[in-house]
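*Asks:* Residues per chain are reported as follows:
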Amino acid sequence: MNHDPIDALTDFYDACRRAAPPNFDGPASRHALLVPALGIAVGLAAALGVALIPATPRPDARQRTIEAIAFRRQPPDIPSANLGLNAAHSKRKAWRT
Amino acid sequence: MDVSVATRPIQMSAKRTNGEIDAFLADARPWLYRLALAIVAEPNLAEDVAQETLIRANRARRQLAASDHPTRWIQKVLVRRALTALPQRRIESAVEASYEYDPNLALAVRQTLERLSAMDRTILALTHFEELSYAEIADVLNIPVGTVGSRLHAARAAFKEAWQS
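Taken in order, these protein sequences are the chains called A and B. First residue of the first sequence: 1, per our numbering; consecutive thereafter. First residue of the second sequence: 1, per our numbering; consecutive thereafter.
Where hints are given, some of them may not hold.
[Claimed, not checked] Under the rule of at most 25 Å between Cα atoms (straight-line distance), these lysine to any residue pairs were calculated in the SDA-like manner: (1) B:Lys160 <-> A:Asp4; (2) B:Lys160 <-> A:Asp14; (3) B:Lys76 <-> B:Gly19; (4) B:Lys160 <-> B:Ala85.
[To be verified] Label pairs and their computed distance ranges (CB to CB): (5) B:His69 <-> A:Gly43: 48 to 54 Å; (6) B:Gly19 <-> A:Asp4: 42 to 48 Å; (7) B:Thr147 <-> A:Arg18: 27 to 33 Å; (8) A:Thr10 <-> B:Ser67: 17 to 23 Å; (9) B:Gly19 <-> A:Gly43: 35 to 41 Å; (10) A:His3 <-> B:Met119: 20 to 26 Å; (11) B:Ala154 <-> A:Asp7: 16 to 22 Å; (12) A:Gly43 <-> B:Ile143: 48 to 54 Å; (13) B:Ser67 <-> A:Ala45: 26 to 32 Å; (14) B:Pro103 <-> A:Pro22: 28 to 34 Å; (15) A:Thr10 <-> B:Arg61: 35 to 41 Å; (16) A:Pro22 <-> B:Thr84: 18 to 24 Å.
Worth flagging that the hints you see were computed from the coordinates, not collected in a lab. Owing to the predicted nature of the structure, the values given are computational and were not obtained by experimental measurement. The C-beta atom is built at its ideal place from N, Cα and C for all residues, glycine as well.
Chain A on its own, in the form it takes in the complex:
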């Protein structure tokens, strides 16, 4: 070719400097759109979820206490004749069994 290669390369780079960049949306603008869109989607999902879950009445504090006591495991009865030096140990052992 007639052109000096380095001159041709330099001309090419000059053309690159003048090249019109594309009008693509950068990630910043995408990000700016994505975050509110995600927020709206999550908000809608949460609102729908709340609306769809049936309202179950919670038992009051007294009722909850009664239920807790009712389900608590009771220790077995300890025969009164077994009370001795190791009564406490026997009591613990009985509790384990």
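Dock chain B against chain A, hints included.
*Replies:* Only chain B this time, still in chain A's reference frame:
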């Protein structure tokens, strides 16, 4: 030669807010595209490389905000993207309208660049397009400063040989 349109983005202050990073990235877009174009020599691929670089920068906002040289940081990201993108796609023979000079010459340069390795094209672009110093090129490419001169010499020789063949 009017290079004002190709200037690098503004420098940010040491403590950067999200708004400053947004402005920096918006400002960097044309420059990133042109640098990518100088390396890959294909507008579509340059657009992809610039876009991927911006996405990477957007995801790594903390790194970008903490970097001492955000321009150099994003330049490195772009060069790595360009180096990995080049072997994956071959240059199309179509003459792009975005070149504002002799389209035949543009095609000839592009076809010549196609025969070079990705590293040769990158080092030529960083030297002749970005006009970086050897130390800056060494930093961007992560190679010793002493290697830059020999690689540049080899890249110029390869371009001349490919041009004449």
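*Asks:* Of all the hints given earlier, name the ones this structure violates by number, lowest first.
*Replies:* 5, 8, 9, 13, 14
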